[in-house]
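For this one, chain A is given, so just place chains B, C, D, E and F with the ligands on it according to the hints.
Residue numbers (our numbering), protein chains in the order written: chain A, 1 to 222; chain B, 223 to 444; chain C, 445 to 788; chain D, 789 to 1040; chain E, 1041 to 1292; chain F, 1293 to 1581.
Be aware that one or more of the hints could be misleading.
Pair by pair, the computed Cβ-Cβ distance ranges are [said to hold, decoys possible]: (1) D:805 to E:1048: 56 to 62 Å; (2) C:663 to E:1115: 41 to 47 Å; (3) D:909 to F:1456: 39 to 45 Å.
No wet-lab data here; the hints were simulated from the structure. Bear in mind the structure is a predicted one, so any value in this text is a computation, not a measurement. C-beta atoms are modelled at their ideal positions from N, C-alpha and C, and glycine is treated no differently.
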Amino acid sequence: MTRIRFHQNLDDLKEKLLVMAGIAEQAIQRSIEAYRVRDLSICDLVQRSEPAINRQEREIDQMALDLLAMEQPMAIDLRFILAVIKINADIERVGDQAVNIAGRVRDLQAMPPVELPVDIPKLASMSASMVRRALQAFIDADADLAESVLTMDDQVDQMNNAIYRTLSKLIHDEPSQTPQALNVLLIARNLERVGDHATNIAEDVIFWVSGADVRRHWRTGS
Amino acid sequence: MTRIRFHQNLDDLKEKLLVMAGIAEQAIQRSIEAYRVRDLSICDLVQRSEPAINRQEREIDQMALDLLAMEQPMAIDLRFILAVIKINADIERVGDQAVNIAGRVRDLQAMPPVELPVDIPKLASMSASMVRRALQAFIDADADLAESVLTMDDQVDQMNNAIYRTLSKLIHDEPSQTPQALNVLLIARNLERVGDHATNIAEDVIFWVSGADVRRHWRTGS
Amino acid sequence: MSGKLAERDVVNGRESPSASGLAVARPSAARRYLNAQSDSAFSDGFFKTLMLASALTIFVIVLFIFLELAWQSRMAIAHFGISFLYRSAWNPVSEDFGARPFIYGTLVSSLLALLIAVPLSVSTAVFITEMCPIPLRRSLSFLTELLAAIPSVVYGLWALVVLVPLLRTEINPFLMRTLGWTGFFEGPDYGVSMLAAGVILAIMILPIISSITREVMSTVPQSQREAALALGATRWEMIRISVLPNARLGIAGGIILGLGRALGETMAVTMVIGNRPEIARSLLAPGYTMASVLANEFTEATTSLYLSALIEIGLVLFLVTIVVNALARLLIWSVTRGASSRMA
Amino acid sequence: MGVGIEVKDLNAWYGSTHTLRDIHLNIPANHATALIGPSGCGKSTFVRCLNRMHETNPIARVTGTVKIGDLDIYNDVSPVVIRRRIGMVFQRPNPFPTMSIYDNVASGLRLNGFRNRQALDEIVERSLRRAALWDEVKDDLKRKSGASISGGQQQRLCIARTLAVDPEVLLMDEPASALDPISTAKIEDLIFQLKSEYTIVIVTHNMQQAARVAEKTGFFLNGQLVEFDATTKIFTNPSDKRTEDYITGRFG
Amino acid sequence: MGVGIEVKDLNAWYGSTHTLRDIHLNIPANHATALIGPSGCGKSTFVRCLNRMHETNPIARVTGTVKIGDLDIYNDVSPVVIRRRIGMVFQRPNPFPTMSIYDNVASGLRLNGFRNRQALDEIVERSLRRAALWDEVKDDLKRKSGASISGGQQQRLCIARTLAVDPEVLLMDEPASALDPISTAKIEDLIFQLKSEYTIVIVTHNMQQAARVAEKTGFFLNGQLVEFDATTKIFTNPSDKRTEDYITGRFG
Amino acid sequence: MQQRIQQSGQTWRRWKNHLATGTAVLGALVVVAPLLAIFAYLIYKGASSLNWAFFTKVPKPVGEIGGGMENAIVGSGVLLTVASLIGIPIGIAAGVYLAEFGRKRLLSNLVRFTADVLNGVPSIVVGIAVYSLIVVTQRHFSAFSGGVALGIMMIPTVTRTTEEMLLLVPHAVREAALGLGVPNWRSTVSITLRTASAGIITGCMLAFARVAGETAPLLFTAFGNDDKSLALNQPIAALPLQIFVYAVSPYNDWHRLAWAGSLVLIFLIVVSVSLVRYVTSRGVLKGAS
Ligand SMILES: Nc1ncnc2c1ncn2[C@@H]1O[C@H](COP(=O)(O)OP(=O)(O)OP(=O)(O)O)[C@@H](O)[C@H]1O
Ligand SMILES: Nc1ncnc2c1ncn2[C@@H]1O[C@H](COP(=O)(O)OP(=O)(O)OP(=O)(O)O)[C@@H](O)[C@H]1O
Ligand SMILES: [Mg+2]
Ligand SMILES: [Mg+2]
Ligand SMILES: O=P([O-])([O-])[O-]
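So that you can see chain A by itself, here it is in the shape it has in the complex (with noise of 0.2 Å):
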């Protein structure tokens, strides 16, 4: 039972998973570099990826279907092809995320620009570095790793719900920034779902490292 073919294919599904996880973040990166530098050429360039990310999160997809049907995987290697089969739906989504961003940088550009008082680069920064975490626990099958991104999500809601209330409030008070708050709030919402993907592919690594389904302990206890 030396399945040394099996397991080079559960290598090539995680390299696979991870050249896509690289592109969903290096958009992630693009559309807030984007939305600092306000320039159309990088939101362009992010929106261009998204079709890449879907065609390989299908690839992977199949892949992993195809593992399943032929490959009996069984324990750690079943649960690691079902985890990267979560994983790779949540990539994707943080891929459309990143397009979102593009799209209201995008609207924000043709509009006047203002001076918005919050710190969106900031919660960027949390949110890519969370869904680098999780890859890095991926890649190292790191379950403790994974354990210290659930943490980090609660700061990214507060922060989020920060930027909520200072943009609600500055709209309240200076109405005509109105489109432009609106659009920064989305943002803001899309980085906050940027987050959650990563928390949820840390649960993924935690539950294929050590076979607990850490939802049991974490999104009851939430």
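Chains B, C, D, E and F with the ligands in isolation, oriented as in the chain A frame:
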């Protein structure tokens, strides 16, 4: 190879998923009811349903995992289980959206009531009917019905965009109503996401029934 | 055709490797060699014919024996007709011949041998395969196998020197005392007798029956024994329901083989049966068998009718063994039908 | 109804090879328990120790305690009695080829001197029904020999034969490994039905088979019991690294 | 290198039972093709028709065309010649028990009169290496008999023996069904490696095995070829309802 | 449950078990005892009568003390050589035919049956047949006729063991050979026969041992000869024949020689049988099945 028990288990799995879907759908409807009649007790009901949905999500995931590990499902059975795993995640998120809506309603309740020129219940009934249709397609293994869900999604998106425009204009014109408008805007976004999840479910049904990965034609197309 | 093909392949192999369908670009040493080989159709045919001829030889030999015996005994057959088989007279001087005492002697001594040998050899086989400790098992089975190889003349010698005196002094008196009333064990007691022939025949066929029985019992699969044991059978019950039924076919075969050997056995019997052409109820009386009379009188037959009568006895013996063999085959065939699937 | 089996400190040898080492195990009553492990790890030896078949091998030796319910099988009773209470089904179907189907099923009872014809008829029918074989053979009960039916049917016949003596425990040593997939599925269904009434221990090389029929699974390695746990646990998330490696094919 | 196989209108009989009906099939060169199907559906018969082993059964009959490359095996050549070019590996390992390992591998050539010692040594070594057996047996080549090694090794020896005559096609009829999982995995790895050089046709009852080793899979039912397609297609999304039913265990 | 453990029946079952065991042990003893007796007596009598002269001298005239059986030993050698040359090739070839070419046919069944018949034909009948075929036509007894008689007797044993041993060779081995593209005859000779060779040798040895001790067919073919002879067309002596003549004679010294001859004969047979056992127990055959 008359794997009678296995196929009973698959039926049980489907049954369980439908029960959970029923609860999630009900949660959406209730949250909108709460919005309509501004009833906090209904919000409570919705928020209390979340743990139940989460628990069922975990149970279904576990059951699917067990079946994958123990029964070597193949072809349509394997696709079915994978579809269930994905639909499961989507339904759980539909439940989350209901809870989010209930939260927004709770916020709204704390504010002076205003009359906003948007038809949230209509959007809600549209989204809910997408979910219901997707589930019906799942029950009947009906790929055509599932296809019809995909087209409905475009309408939901349009309605949501219209609401966004209306509200952002309103905020601009009537800054005093900003908090209410912002909450309603977010409710609309939540409903739009419900529609997205319904779309995902429909795609998974098509994948299960026909083996065709519908994302191929659809997502890349859009 | 085949030769031509081989040639073509060689050519292809050297000159245009890819021209033929199979001789592709990489003919290795092995491939090139094999492609040059013929398809052996002729040697196969020749071989088969040779084997067939040998097989037919056996048939021809038996047929020849039968025809030869029948031809050589034609004079006696013509002279005595069917009555030869049941008349008791055996008088070379008056040229009056009947085979009855010989037929009787042959049958009785053989049956007697079976009666003694079958239970003993089967229980020996059971002991050796199922009960006895492994080291002992080997030496015991070797011993019985050796016995099968001892020439009958040696048995005869031993019987003449050891068995007959032993019977006369120890066993026969005892038998006369205890079983005399049956009429089978009445005096006078010469030692050489039907009983002595039966006993020595029994000793001679014992190893045959027991080694065949042993062999078939050891081919009964272990799983059969385990099936019985797992149902809670004792060792004896296990032997009774798993071993013996599975082996019965082989045991029957062994018994028939033993009978065949007993019927035709010549030398040992000649040496101990007493060679008197009479039919007596008592087993202690001397008798005569078909084989012994041939051994004793064939070279002394002076007249052609005498010789012809002797050969007719040979013919009868031949026919009796054919009948026994046919019966054996019939028996084995009918038993196999019931358990044929075991063989599959 | 079945009874539980309690194994303590079981050690077994073939000659001087130590085949089983310090096995501790509680097999639950009225459930199916699967034993898996690589070839030669001692699974067969273990089940053969449970009904004292091990000792039929002249070079075999065993120490430790095995309790069936309250009965210490190595001290309280004779092997003949214990084997009747603990039925065994082997890897290759081994019906008695010289007996009819009916006689095969009746053989266990007949051995015990059971002679009541009518009761025997009933028991034979019930056993064959329980073994899901009745409908296929009812017309040839006394006409066909036990060896003249298909391999899968033969194996069910062997199960029926074992059921006829109404054992409390059923031991099965790779009962389906010699059968085609359809017969295998039938045997598995059968085990699944029987386990409410008997304590079943099944050795198998096929992990999916273990997964399908058994609630509990034990993993043997080199004569030791590495892990014993709920089947779903073993197959989705075993505790021991060695189990995980075996299950996922990283072994050897 | 292997060659493709083209089967047209193949029909086969045992006595009066029509075992294969109108088989049309193109087996690609240098790939592994798996044949699956329920017991008795004719898989073995089919592969035996591909190297004319079918006709060694006196009651067997066959019609139709089988082309190996350009060669019509039923019309252009004798069976002996065709069998040298189309190697076959059987369900149970069948090494020649009286021959050493070396002689087993050399047998295909020697028995055809090949005598060059040095070339033979080379061929034997290369074949054993290709069959992934060399390291395990190189020290006992001429000392151990072909029957004295383990079952898995025996099967690889049989593969080496077949490779030694340098065939273009390798037919395998359930080559791993008599082996334990570890040996099975080794054989599968081997097939996987060999398929770049040979056209391999493998019959198997084990769907995962088909999935693991073959690019193409054919599904037989009642002597007919129901579906022939890419393996992933067959196992994740077959076109024919009967295939789907068989694959998912809804069959029978 | 009514059928669970009926204590009453148990004692009786145990008893039956013991009874059966006892019977078997007893049977074995009864069988073994005379065997050992024969051997012991043979060795005791034979060894004391063996001397160098036995192997190097021909018999003395009636009444004279001394002499040996050189003529018989040589004669047996000649006879057995002739017999083996006739019996073994024909026997093996016929066995090959039965096993490989004619499994189900009428012809092969007929041959099989006649082989069994021939095996059962009493040796003395074979003697008569050969007598009328060769001795009568040649008008004198001869070593050749004796050899033919013994050879005929070897054929069925060799044939049937060959057939059985070949059938023991798994069909798979044949398929393996055919699958390699080996011609049928080559596969039969180099694979099937070779695989079964240990068993076939056993069969030949057993046939050899059997005819080595045969007396009856030699009575009117080889006839016996008091002088050493190697000529095929002259009467020739044979060990068993000589033993018989001496055993039934009234002279003590001849009895002594008979015992010595028996011991030598048995020794030859034991050696060949042991050799066979050694060969087969090396497990060459076991691998085949
Ligand atoms: N009859 C025997 N004599 C000697 N040793 C034996 C015997 N049976 C088994 N063994 C040894 O005992 C060990 C355990 O064997 P056992 O048959 O219990 O293994 P297993 O787990 O059932 O293997 P498999 O899955 O191949 O049936 C092995 O190493 C084997 O070599
Ligand atoms: N030697 C034979 N004589 C007569 N009929 C045969 C023979 N071999 C096979 N058959 C019949 O031919 C049909 C096909 O048999 P085949 O062996 O090709 O099936 P298979 O698909 O290989 O089955 P399995 O998976 O059990 O090996 C079966 O119905 C069988 O009964
Ligand atoms: Mg075992
Ligand atoms: Mg087959
Ligand atoms: O797709 P989601 O935004 O609902 O996670």
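Structure-based check of each hint:
{"no.": "1", "hint": "D:805 to E:1048: 56 to 62 Å", "result": "holds, 57 Å"}
{"no.": "2", "hint": "C:663 to E:1115: 41 to 47 Å", "result": "holds, 46 Å"}
{"no.": "3", "hint": "D:909 to F:1456: 39 to 45 Å", "result": "holds, 43 Å"}
Hint check: no violations occur; every hint is consistent with the structure.
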